[in-house]
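Novice: Here is how the chains run, residue by residue.
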Amino acid sequence: MSRIALALIASVSLGALPPRSSQAQRSAVDTYAITNARIVTVSGPPIERGTVVIRDGLIAAVGTNVSAPADARLIDGNGLTVYPGLFDSNTSLGIPQPSPSPSPATTPGGGGFGGQRPQTAILTALNSSQPAGLQPEVLAEDFIKPGGEQIEAARQMGITTALSAPRQGIWIGQSALINLAGDTTQEMIVRSPVALHVGFTPLRSGVYPNSLMGVFAVLRQMMLDAGRFREVQQAYARSPRGMKRPDQDRALAALLPVLDGSLPVVMYADSEREINRALDLAEEFKLRAIIAGGVEAGKVAERLRTRNVPVLLSLNFSRRTTAAMPEADPEPLRVLRERVEAQKTAGQLAAARVKFAFQSGAMTNPADFYPNIARAIDNGLSREDALRALTTSAAEILGVNDRLGSIETGKIANLTVTRGELLTRNPTFAYVFIDGRPVDLKPAAATVPVAASSTSATGSWTLTVNTGSADLTMTLVLQQEANRLRGSIQGALGSGEISNASLDPGGDFRFTVPVTLEGQTTEATFTGKLAGNEMQGSVTFVGRAPGTFSGSRAQAAPALAENTVLSGTWLLKLLVGLKTFPGTLKLEQQDGVLSGLLQSPFGVTRLESGSLDDQGFRFQSRARIDGRVVEMTVEGSVSGEEIRGTVRSEIGFARFTGTRQKT
Amino acid sequence: MMTRLTIQLLICSLIAGISLPPSFAQDRSAAQETLIRNATVLTVTRGTLTNADVLLRNGKIAAIGKNVKASANARVIDATGKFVLPGIVDCHSHSMLDTINESTLSVTSMARTSDVLNPHDIDLYRALAGGVTSLNLLHGSANAIGGLNTVVKIKFGRPAAEFIFPGAMPGIKFALGENPKRSNSQPQPGQTRRYPMTRMGVEETIRDAFTRARDYKKSWEEYRASASRSEKNLVAPRRDLQLEPLVEVLEGKRYVHAHCYRADEILMLINLANDFGFKIRTFQHTLEGYKVAREIAQHGAGASIFADNWAYKIEAYDAIPYNAAIMTRAGVIVSMNSDSDERARRLNIEAAKVMRYGDLSEEEALKLVTWNPAVQLGIQQRVGSLEVGKDADLAIWNGHPLSVYARVDTTFIDGEIFFDRQQDLARRPDLLKERAQLEAAEPNRPPPGGTSPQAPRRRRPTNADDDMWEGGVEQP
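First to last, the sequence lines map onto chains Y and R.
Residues are numbered in this note's numbering as their position in the first sequence, beginning at 1, plus a constant of 160.
Residues are numbered in this note's numbering as their position in the second sequence, beginning at 1, plus a constant of 2.
Only chain Y is shown next, with the shape it has when bound in the complex (with noise of 0.2 Å):
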């Protein structure tokens, strides 16, 4: 995104604002004092009644019997009560989501998409030995930028802090700890770099590794190059005479605080095997783990406590996302399972003394953010063990405890202050302080951040996807929240939620999703436009060479009139993957008794014993087809002179509309 776009983004969430107090005068104000307030410091019992001063951004007193200086503005904290600034422990917070460019021929209604490439999150550093997705020198503070409509809508949650890293990658990079607020990336940074992050998604572009086993290949492979490089380093520093120099080798140099565990990696392990392999390779290679995700931690809960490695718990419980299909398999016990138990996963490692923090990380939807936080005390994980995932596990974690993560004098002050009780699913926050300074919150009613734009995804889409040798039909369901997508696909790739979904107030939109193409799993990420009720892009496939898709809106038919009349002949644009094509269509009903001719390029199809609804009308057939049968179905509606509907077939799928022919 470019810093245009940025600042145009800023200067509309802000317009509608009082211009922030930080940012006018910074040093007019800079002592507060929250009096009478309930303080839940975290670190000690909670404070009935007391006050909170904060002067030069940070915490300067703290207590019942502390008075509040005479150059403070003063907050009447009745009612209110005062917690530490709340961390989201994985983020990618800062750093600019890659954005579609631009396909070369966007004209209005079709076409150009052929030239999109697959979008990459994968940051580069400059000059590096490794390809992109395995540089572990790539920093996260090179990339964060200060504003933008996510940190903001963060903040609007309470958040203060938030640990940053790159979205993608296999080494992702170096995260940071930043505070919320700033006007440069230097002056939101708490502690750089946090830890080395590691995602095991093999790299996209068809190049080594593309397997798991080829990552785990690559990454014992690179840590024994980083500890020879070392060794090779420091025999030419003894005795450069004789011996040839060396390359220099910032990847390699980068594993090294890694391996003699000075800087924690971060793993990337959701599943009870995931976290096993990651574990084992910790272990295999002496270093300070912490596990990011950690969906089934719970049942590895002994190991990481006698290993001590901490998590970064995900609060991106997943769930059913589209209503029961009945003629659908029923989905597997194990899926039902994985489901309830995730909401448990917080108790029971609080319960086996694991320590971690939450993190929205992939949230699919950031409102989610503290109805899950109820789940999970719903299930078993008390109210302070919730709050300290918040705080001071937190920071204890990202190594950060001794300036934030409770209300203690000489810390940074960072404060999230509610009207009621924080922990519910929809807290009420009254002020949010970050490096002592307040926040301007918006109402509540505007806290979830808005797609400008009326696009409107939503709905029951009916995809055909062109894989290149095949034309494969499926269902795509999507809701949208604001500029977020949460869904599922059902149908001839398979069934899977979607995730890493996005969509942008101009129609572009991407998502991954697990999908089953030829007996075998892989993961597919769909780009495309939506305009309308219709949409089309581009599919690539990990592993595979990549394809197109198209597809239409389901939308509930008309309702035939009493009296609609279906007989005539209805001139139709059939539209097959990309390409329409001209057909007729001759319906006749009388006494209640349907029948039709199909004519189109691919042939003449008798239509038989047609049933109608008020839905519309439907034909079962069979057509010849390169001397095959062929089972298809032909539904429709219509409503006045317009004619609409698909033909469906193991071979294919088409959409028509149409008119009636004038006689």
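Think of the hints as simulated: they come from the structure by calculation, not from any bench.
Careful: at least some of the hints might be erroneous.
If you only want the chain Y side, here are some residues facing chain R, beta carbon under 8 Å, derived [said to hold, decoys possible]:
1. Leu372
2. Gly374
3. Arg380
4. Leu384
5. Arg388
6. Ala395
7. Thr481
8. Thr482
Derived coverage of chain Y by chain R (criterion: at least 3 residues anywhere in the stretch with Cβ under 8 Å from a Cβ of chain R; other residues may be distant) [stated by the list, open to error]:
9. 397-406
10. 493-500
If you're wondering where the values come from, they're calculated on a predicted model, not measured in any experiment.
Cβ atoms here follow ideal geometry from the backbone N, Cα and C, with glycine treated the same way.
Using the hints provided, position chain R relative to the given structure of chain Y.
Specialist: Okay, now just chain R, sitting in the frame of chain Y:
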């Protein structure tokens, strides 16, 4: 509708993961002694004993014979009319692997199947139900030199680490012919086609890798010699995870399992191995093995094959069902493998087919799925036959295992029960109940107001028929 749903639920509960009620978990503990009484015992190496008892104690076979005495608290199973067979060993499996091919490079000896084990793979449970107890988990056949294998005991329900077969010889997958030369035949935009594209290139790729491995071995030997002379400022050579396993092959410390079809490429690999001074442990698939059976036997290699699966591609046209018998008569140690999550459930039938085609004796046929694959994997000291002192890995069958009507009642590994038909049946109502509870739980309820997606017209696309699938991306 209700009935259909019930059947669906039943099927689904059967194939879903199994959580064991506590009583069952106790029942199967290894510490417990088990006496299998009055069975027909197919020892495979020591003939067939009728009305015999088998005593399992401390994970081992403690006694075989008549009137065996067990301690008072032993579990006693009356196996009258039933058969006891050693656990079947599958010498070519891709079950339990989250990924099968690292298909980018032609030499991926740094890839390890042990890194991607999924102990919850339901196919493992299905294999147990077919009397299978050990698997050779192989990398796929996309590369001339593939990744490292893992030999496991199917301790379904346990952490992956407990599956590892103790003391099994490590191995590596090679592949010849169409798969390694045509892999990535549809390169992505901007990618070049991968070398090799011909069978000549496959040979050159392997020769090149072993030439590099030989140099690598030498560089370490020189380093160790210098180090022993206490030379100063020495830096060890770079450890190369790609070449280390090939050095182990050269040193005879790692078995080569080579996917192959055609006689010419089998001879090619034998010559190549002779040139570098290593042995091929098994040829996998080996469809034209009967043409070069004497050469295979002379090299000392085994062959792990299908009974009657062929013509699924050009290089698989010359296969015959007499392959196993001809190679066996030539002195090759032959095993029947699955290479498929489906076929793994009925390897006993694969063995039976070879009695029909080629007149192997009953014992020879049984060896194809028990003793022979155990020898091929170097685990015959522990499994592959029923002998006192060996691991208590065996199954009780309700009929002769070479009959299509025989089913497995109970499968033991290290004296523990990992599959029991009666207990499986008994569990199903509980699983149905659990499903009902889970379906009602909040995260499993669909969001309000959503429309249900359209039902697909066909439940599965025609090009993804389960029966056609041979396990992952691997071509058999």
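Novice: Please go over all the hints and tell whether each is borne out by the structure.
Specialist: The hints, checked one at a time:
1. Leu372: holds (5 Å)
2. Gly374: The hint holds - Gly374 of chain Y has a Cβ within 8 Å of chain R, the shortest such distance being about 4 Å.
3. Arg380: holds (6 Å)
4. Leu384: holds (5 Å)
5. Arg388: holds (5 Å)
6. Ala395: holds (5 Å)
7. Thr481: Where the cut-off is 8 Å and the nearest Cβ of chain R is about 7 Å from Thr481 of chain Y, the hint holds.
8. Thr482: holds (6 Å)
9. 397-406: holds (count 3)
10. 493-500: holds (count 6)
Checked against the numbered hints given earlier, this structure breaks none of them.
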